[in-house]
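J.: Keeping the supplied structure of chain A fixed, place chains B and C upon it in accordance with the hints.
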Amino acid sequence: MSKRDFLSTADLTRAELDDLLDLAARVKGKRPGQVLTGKTLGLLFFQPSLRTRVSFEVAMVQLGGHCINLSSDDLYELEPNEQAVMDGAAEEHVKDAARTLSRYGDALGIRAASRTGPWQRDRQELLLRSYAKFASVPVINLETSFAHPCQALADVMTMRENLVSLRGRKLTLLWCNHPEPKSLGPTHSVLQLAALSGMQITLAHPLGFEVDDEVLQKSKQVAGEAGGSLQVVNDMQAAARGAEVLYARSWGSIKHWHDAEREAMVKRSLTSWRVDEQLMATTNNALLMHPLPVRRNVAATDAVLDGKQSVIYEQAANRAHVQKALLMQLLK
Amino acid sequence: MSKRDFLSTADLTRAELDDLLDLAARVKGKRPGQVLTGKTLGLLFFQPSLRTRVSFEVAMVQLGGHCINLSSDDLYELEPNEQAVMDGAAEEHVKDAARTLSRYGDALGIRAASRTGPWQRDRQELLLRSYAKFASVPVINLETSFAHPCQALADVMTMRENLVSLRGRKLTLLWCNHPEPKSLGPTHSVLQLAALSGMQITLAHPLGFEVDDEVLQKSKQVAGEAGGSLQVVNDMQAAARGAEVLYARSWGSIKHWHDAEREAMVKRSLTSWRVDEQLMATTNNALLMHPLPVRRNVAATDAVLDGKQSVIYEQAANRAHVQKALLMQLLK
Amino acid sequence: MSKRDFLSTADLTRAELDDLLDLAARVKGKRPGQVLTGKTLGLLFFQPSLRTRVSFEVAMVQLGGHCINLSSDDLYELEPNEQAVMDGAAEEHVKDAARTLSRYGDALGIRAASRTGPWQRDRQELLLRSYAKFASVPVINLETSFAHPCQALADVMTMRENLVSLRGRKLTLLWCNHPEPKSLGPTHSVLQLAALSGMQITLAHPLGFEVDDEVLQKSKQVAGEAGGSLQVVNDMQAAARGAEVLYARSWGSIKHWHDAEREAMVKRSLTSWRVDEQLMATTNNALLMHPLPVRRNVAATDAVLDGKQSVIYEQAANRAHVQKALLMQLLK
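Chains as they are written, first to last, in this note's numbering: chain A, 7 to 338; chain B, 7 to 338; chain C, 7 to 338.
One chain only, chain A, in its complex shape (with noise of 0.2 angstroms):
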């Protein structure tokens, strides 16, 4: 962790990770007491949110504390850029919001994941980073298009559960179909934080579905000096085969960024990219494994989402777990 933010999984050691998710099996299923009563935690979001959002709300009142939320439709739009003479629409700098917000609160989450131009400038996370910068209070990265570690937490969390060590274990990263182009927030941080845990990692995706480079090749390398690997196959079959672990979910072409139709005519062929009881019989007996909220017969089936492989409501449970194990390291 950078300072005491918490903006992405690349910045964790193993030792972290552990002492993380190590806490979050402590609190999980208990009440830790309310080790963070007078604490505040601010929330903006400026995209909807369910999992995300009443997650760490619950995290933090079980914790004693309290969450204050904003949603775009409270604020109006902000600046993030430094320097800009700000006679356009953006009302304030996120410099003096988050600097404001930084007198008032004791950690701030931010959801800033919307397409703003082309992915060299989105890969930045430029709004987030802004508060990163100016906030003196953490900052939590709740997802942006680049990176979602809360998720890959809490992902990574339930493979343990059910895997215990994961050290070599096969996981699969599955792109699957979806009629809306995706953030490619999940998908890099559970790849960088399976890397870090020694995983053998295959990626498979169409192709024109690359995911961003510079991530792919750190994971390699992290992946390695693990223990584990880290292959890419466009082949959904080959992918899935011996997989102990499938994890599915779609993101969005980075070739594509700026051109959501030709995006969503190139995914019309797309259509069996979809993970069914077929295709999960070929794995290893794998947990099927998928963020949320997910297309239902698109991206996966009913039988797989709702069969005994799923392991997709422990992922969400464990957001609770992992936010609240972060909070406390963030702000105890």
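Check each hint, because a few of them may be wrong.
As the list claims (entries may be wrong) - In silico DSSO-like links for lysine-lysine, alpha-carbon gap of 30 angstroms or less:
(1) C:Lys338 / B:Lys36
(2) A:Lys226 / A:Lys261
(3) C:Lys261 / C:Lys176
(4) A:Lys34 / B:Lys338
(5) C:Lys139 / B:Lys36
(6) A:Lys139 / A:Lys224
(7) A:Lys139 / C:Lys36
(8) C:Lys34 / C:Lys176
(9) C:Lys226 / C:Lys176
(10) A:Lys338 / C:Lys261
(11) B:Lys34 / B:Lys261
(12) A:Lys261 / A:Lys176
(13) A:Lys338 / C:Lys36
(14) A:Lys139 / C:Lys34
(15) C:Lys338 / B:Lys34
(16) C:Lys224 / C:Lys176
(17) A:Lys314 / A:Lys176
(18) C:Lys224 / C:Lys139
(19) A:Lys36 / B:Lys338
(20) B:Lys34 / C:Lys139
(21) A:Lys36 / B:Lys139
(22) C:Lys226 / C:Lys261
(23) B:Lys139 / A:Lys34
(24) B:Lys314 / B:Lys34
(25) B:Lys139 / A:Lys314
(26) C:Lys139 / C:Lys338
(27) B:Lys314 / C:Lys139
(28) A:Lys224 / A:Lys176
(29) A:Lys139 / C:Lys314
Unchecked claim - Residues of chain A clear of chain B, computed beta-carbon distances all greater than 10 angstroms:
(30) Val67
(31) Asn87
(32) Gly94
(33) Ser278
(34) Lys314
Said to hold, decoys possible - Each pair of labels, with its calculated beta carbon distance range:
(35) B:Val41 / C:Gly70: 17 to 27 angstroms
(36) B:Asp308 / A:Glu267: 25 to 35 angstroms
(37) B:Pro124 / A:Glu267: 47 to 57 angstroms
If you are wondering where the hints come from, they were derived from the structure by calculation, not from laboratory data. All residues carry an ideal CB built from backbone N, CA and C; glycine is no exception.
T.: Below, chains B and C without anything else, positioned relative to chain A:
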């Protein structure tokens, strides 16, 4: 109450109703203590709300619990149909939202009163029933087009406070004018509870504004069994004469359920369906009730709404008390 | 304070102001304990808000109380005019909303700063005053087009912290440019409290941006009685010279109150009305104040806003402290 949900007043036995209202009377004006400490109620509003939202939040907070409020602005569209191939606008299935929220909180309240199709469809309360089916925690109906049980509980509590015993007492449920087509929820639910209480009910409305026939027939039967009666008239003057309670509210036309313009046209000739002092003078010194919000000087005049027979704010205040009782029963 | 409302700084006596700010100073940085346990404050926002929303919620929570937040997205339209025949868009009368909310909570805050008609109408604060009239609990003004008393309290608290005594001290209230027409609320309210504090006030603005004349004349009188003075100038340079406090903010033109395009056109020639280091150098080492949000490099440059004379974040932080004091006075 089916399972531990609270979806409809039609599910209540007389003994259950008495228990609930007795508890509500006991907690009214008292602070029953922090009996719901650590409990979380999630409220999902797909339409605006003032009383329901605030009365539930106050009820939870005063019992030591916590509310998490989500409105349609915070959320994406949700799919209620099972086995749907989710390639449209809905980003998540109610199944997944309900199961996820069940992992985070202790109960869910759902307001889903919009018109989504023909009456035969809307009367099935698809979205609410879907939450109730998939949630593993109690689900509370915060109003559909078909039912508004929490409002009716507060209404009956208010009648009891003023009339002591309801059996055989004369209640007139009176349609009144309104520029917009409204839900039938409050009308159906108060009709059901008045029937269960053995009141002598007169339901009065213009032709074309009949309530749901199944609700009507069942309520007639229940009223009869409880020592009361239920008659329908289309004459406002006749309906008001001798009433001990005049309960005014507009509701939409089932006949024109998907033709708001047609309904509006019909209502142009119905402006006399408005409660005023003249009408009140023909009653037996009746209580004036209305569940709010009320269109002043359209549905009822200022003089009667602000008059000494009016108990409209008592009804609103009792929302908090009956809901405390309900939450204590469902969550303790 | 009229009744127990807090609607305007014009209602405060000097003794009341001192009491409030003395209490604010005592609670600042301390946790005065859970003195508002069981109390609920309802906040109604008809415009976006960051500081007001968060500072009130933090204030209530840290005093052991609870905030219920409603925004125009949660609500339908409300009718403020008495005796209205409500056959238009407004679904509920302010009378009924105010009386209902008074049954649920212990105080109400209202932000209603939009332009709804000519200045002679908007200066009457119809929506706010309507809530104050009908609510039986204290009502707090969270900003109208005419007044923003909570901001002014925080501003005067900040001045006192830095200058100790305000009597006879030189304050320049300086209009500055902004792409949008803004409320006159903060300007009027700080003018009134500075006058009450006996400051030597220079109000500086371009021709056409006069403040409300009644506020101006009354403030002149109050300032004189308190040992201070109030002059109006149309020359920014002259106004800044020798100032001990330079309080910058844009406000809208009463003259062009309902012609935003005309105001925007006029302001195109007023871009020099911007605080920069050169201007600051002519002051008597003045504090730089601005109530936020600020248009950086339009109203004031980054250099002065981020400079060592700037107390803009102190002003924001003091919102929470003065509001704690206010809530303790109104609710304890």
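J.: Are the hints correct? Go through all of them and say.
T.: These are the hints, each one checked on the structure:
Among the hinted pairs, Lys338 of chain C with Lys36 of chain B is consistent with the structure: their alpha-carbon atoms are about 18 angstroms apart, no more than 30 angstroms. Annotation: proposed proximity of Lys226 of chain A to Lys261 of chain A holds, straight-line Cα distance about 21 angstroms (limit 30 angstroms). Taking the CA atoms of Lys261 of chain C and Lys176 of chain C, the gap is about 28 angstroms. The hint holds against a cut of 30 angstroms. The suggested pairing of Lys34 of chain A with Lys338 of chain B holds, with an alpha-carbon distance near 22 angstroms, which does not exceed 30 angstroms.
Distance hint between Lys139 of chain C and Lys36 of chain B is fulfilled; the C-alpha atoms sit about 28 angstroms from each other, no more than 30 angstroms. Between Lys139 of chain A and Lys224 of chain A, the direct Cα distance comes to roughly 24 angstroms. Compliance with the 30 angstroms bound is thereby established for this hinted pair. At most 30 angstroms may separate the alpha-carbon atoms for a hinted pair to count; Lys139 of chain A and Lys36 of chain C meet this at roughly 28 angstroms. For the given pair, Lys34 of chain C sits about 26 angstroms from Lys176 of chain C by alpha-carbon distance, which is consistent with the 30 angstroms threshold.
In summary, the hint linking Lys226 of chain C to Lys176 of chain C is supported, as the alpha carbons are separated by about 15 angstroms, within the 30 angstroms threshold. This hinted pair does not check out: Lys338 of chain A and Lys261 of chain C have alpha carbons roughly 54 angstroms apart, beyond 30 angstroms. Simply put, Lys34 of chain B and Lys261 of chain B have alpha-carbon atoms about 41 angstroms apart, too far for the 30 angstroms limit, and the pair is violated. Note on Lys261 of chain A and Lys176 of chain A: the hinted pairing holds, with a Cα-Cα distance of about 28 angstroms set against a maximum of 30 angstroms.
Simply put, Lys338 of chain A and Lys36 of chain C have alpha-carbon atoms about 18 angstroms apart, close enough for the 30 angstroms limit, and the pair holds. The hinted pair formed by Lys139 of chain A and Lys34 of chain C meets the criterion: a straight-line CA distance of about 26 angstroms does not exceed 30 angstroms. For a cut-off of 30 angstroms, the pair hint linking Lys338 of chain C to Lys34 of chain B stands: about 22 angstroms separates their Cα positions. Between Lys224 of chain C and Lys176 of chain C the CA atoms are separated by roughly 19 angstroms; this keeps the pair inside 30 angstroms, and the hint holds.
As the CA atoms of Lys314 of chain A and Lys176 of chain A are separated by approximately 19 angstroms, the hinted pair is consistent with the 30 angstroms bound. Straight-line distance between C-alpha atoms of Lys224 of chain C and Lys139 of chain C comes to about 24 angstroms, which keeps the hinted pair within the 30 angstroms bound. Among the hinted pairs, Lys36 of chain A with Lys338 of chain B is consistent with the structure: their alpha-carbon atoms are about 18 angstroms apart, no more than 30 angstroms. With a C-alpha separation of about 26 angstroms, the suggested pairing of Lys34 of chain B with Lys139 of chain C holds against the 30 angstroms cut-off.
A distance of roughly 28 angstroms separates the Cα atoms of Lys36 of chain A and Lys139 of chain B; the hinted pair therefore holds under the 30 angstroms criterion. Of the pairs offered as hints, the one joining Lys226 of chain C and Lys261 of chain C holds, with about 21 angstroms between alpha carbons and a cut-off of 30 angstroms not exceeded. For the proposed pair Lys139 of chain B and Lys34 of chain A, the alpha carbon gap of about 26 angstroms is at most 30 angstroms, so the pair holds. Between Lys314 of chain B and Lys34 of chain B the CA atoms are separated by roughly 22 angstroms; this keeps the pair inside 30 angstroms, and the hint holds.
For the suggested pair Lys139 of chain B and Lys314 of chain A, the alpha carbons sit about 19 angstroms apart, so the restraint of at most 30 angstroms is met. At roughly 21 angstroms between alpha-carbon atoms, Lys139 of chain C and Lys338 of chain C fall within 30 angstroms of each other, so this suggested pair holds. Taking the CA atoms of Lys314 of chain B and Lys139 of chain C, the gap is near 19 angstroms; set against the 30 angstroms cutoff, the hint holds. This hinted pair checks out: Lys224 of chain A and Lys176 of chain A have alpha carbons roughly 19 angstroms apart, not beyond 30 angstroms.
As the CA atoms of Lys139 of chain A and Lys314 of chain C are separated by approximately 19 angstroms, the hinted pair is consistent with the 30 angstroms bound. The claim that Val67 of chain A lies off the interface is violated: its Cβ sits roughly 5 angstroms from the closest Cβ of chain B, which falls inside the 10 angstroms cut-off. At the 10 angstroms boundary, the C-beta of Asn87 of chain A stays outside the reach of chain B, the nearest C-beta of that chain being 27 angstroms off. With a least beta-carbon separation of about 24 angstroms from chain B, Gly94 of chain A lies farther than 10 angstroms from that chain, consistent with its non-interface assignment.
Every C-beta of chain B lies more than 10 angstroms from that of Ser278 of chain A, the closest at about 14 angstroms, which supports listing it as non-interface. Every Cβ of chain B is farther than 10 angstroms from the Cβ of Lys314 of chain A; the closest lies at roughly 15 angstroms, confirming the non-interface assignment. Distance hint check: the CB atoms of Val41 of chain B and Gly70 of chain C are about 18 angstroms apart, consistent with the given range 17 to 27 angstroms. For Asp308 of chain B paired with Glu267 of chain A, a C-beta distance near 55 angstroms fails the hint of 25 to 35 angstroms.
One distance hint, 47 to 57 angstroms for the beta-carbon pair Pro124 of chain B and Glu267 of chain A, is violated here, with the actual separation near 34 angstroms.
The structure is inconsistent with the numbered hints 10, 11, 30, 36, 37, although it conforms to all the rest.
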